[in-house]
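> Spelled out, the chains give:
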Amino acid sequence: DVKVTQSSRYLVKRTGEKVFLECVQDMDHENMFWYRQDPGLGLRLIYFSYDVKMKEKGDIPEGYSVSREKKERFSLILESASTNQTSMYLCASRSQNQPQHFGDGTRLSIL
Amino acid sequence: GESVGLHLPTLSVQEGDNSIINCAYSNSASDYFIWYKQESGKGPQFIIDIRSNMDKRQGQRVTVLLNKTVKHLSLQIAATQPGDSAVYFCAEKGSGGYNKLIFGAGTRLAVHP
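Quick mapping for you: the protein sequence lines, in order, are chains R and B. The first sequence finishes on residue 140 if you use the numbering used here, and the numbering steps up by one all the way, no holes. The second sequence finishes on residue 208 if you use the numbering used here, and the numbering steps up by one all the way, no holes.
Note that these hints are calculated values from the structure, not bench results. Among the hints, erroneous ones may be present.
What the hints assert, rightly or not - If you only want the chain R side, here are some residues facing chain B, beta carbon under 8 Å, derived:
hint, residue
1, Phe77
2, Ile89
3, Gly92
4, Gln129
5, Asp133
Glycine included, C-beta positions come from ideal geometry on N, C-alpha and C.
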């Protein structure tokens with residue numbers, strides 16, 4: 030089975046802090062994704078990566094950046110956290126022509 | 096607790112009944128669709144997918160039906176069990192390809208004994 034692991038289930042940070050969310054997959058997938066999930070809005074794509082050191086903006090990249098230095102790891106960075114970034118963050122990965130597989134999410138609260 | 100489903104439509108069924116969850120999609124050119132299940136406190140879990148060259152696809156206790164004429168997708172769950180209680184999302188492949196899925200807001204399925 031595909032295993033997508035997000036390093037934290039719950040995280041509380043303060044406004045203005047730099048926040049790192051980490052995601053690791055163990056299936057050698059080329060593609061990795063970061064989403065946020067908010068009530069009534071469905072999943073919204075922040076960034077994705079199709080290879081090491083490659084990244085593409087999703088639908089809501091503002092206020093976020095990403096890093097993919099190794100194939101198995103995809104990091105989401107909040108450069109200066111704001112309260113409107115309080116959300117559930119989901120990481121996913123996929124290989125070519127296969128569906129995306131998700132981690133269990135990080136619930137991030139910005140105070 | 097889980098807050099993702101606060102404003103979702105809810106389908107309530109009795110244990111053992113069949114469930115039908117519906118989804119309308121937006122792009123008539125979409126050629127790939129996926130259903131996900133999300134249990135409380137967990138990430139979305141892949142259930143089944145279908146390509147637009149098919150009208151129907153069956154898995155274990157689940158069937159997905161695709162009606163391209165009216166841009167409608169449905170997920171049928173046979174003999175619904177308490178463990179099926181979750182939020183169910185459909186997703187379509189957007190114009191950006193497999194890496195840019197468009198997700199529906201979801202439907203909560205509540206199974207009562």
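> Now tell me, hint by hint, if it's right for this structure.
Hints versus structure:
no. : hint   : result
1   : Phe77  : holds (5 Å)
2   : Ile89  : violated (12 Å)
3   : Gly92  : violated (20 Å)
4   : Gln129 : holds (7 Å)
5   : Asp133 : holds (5 Å)
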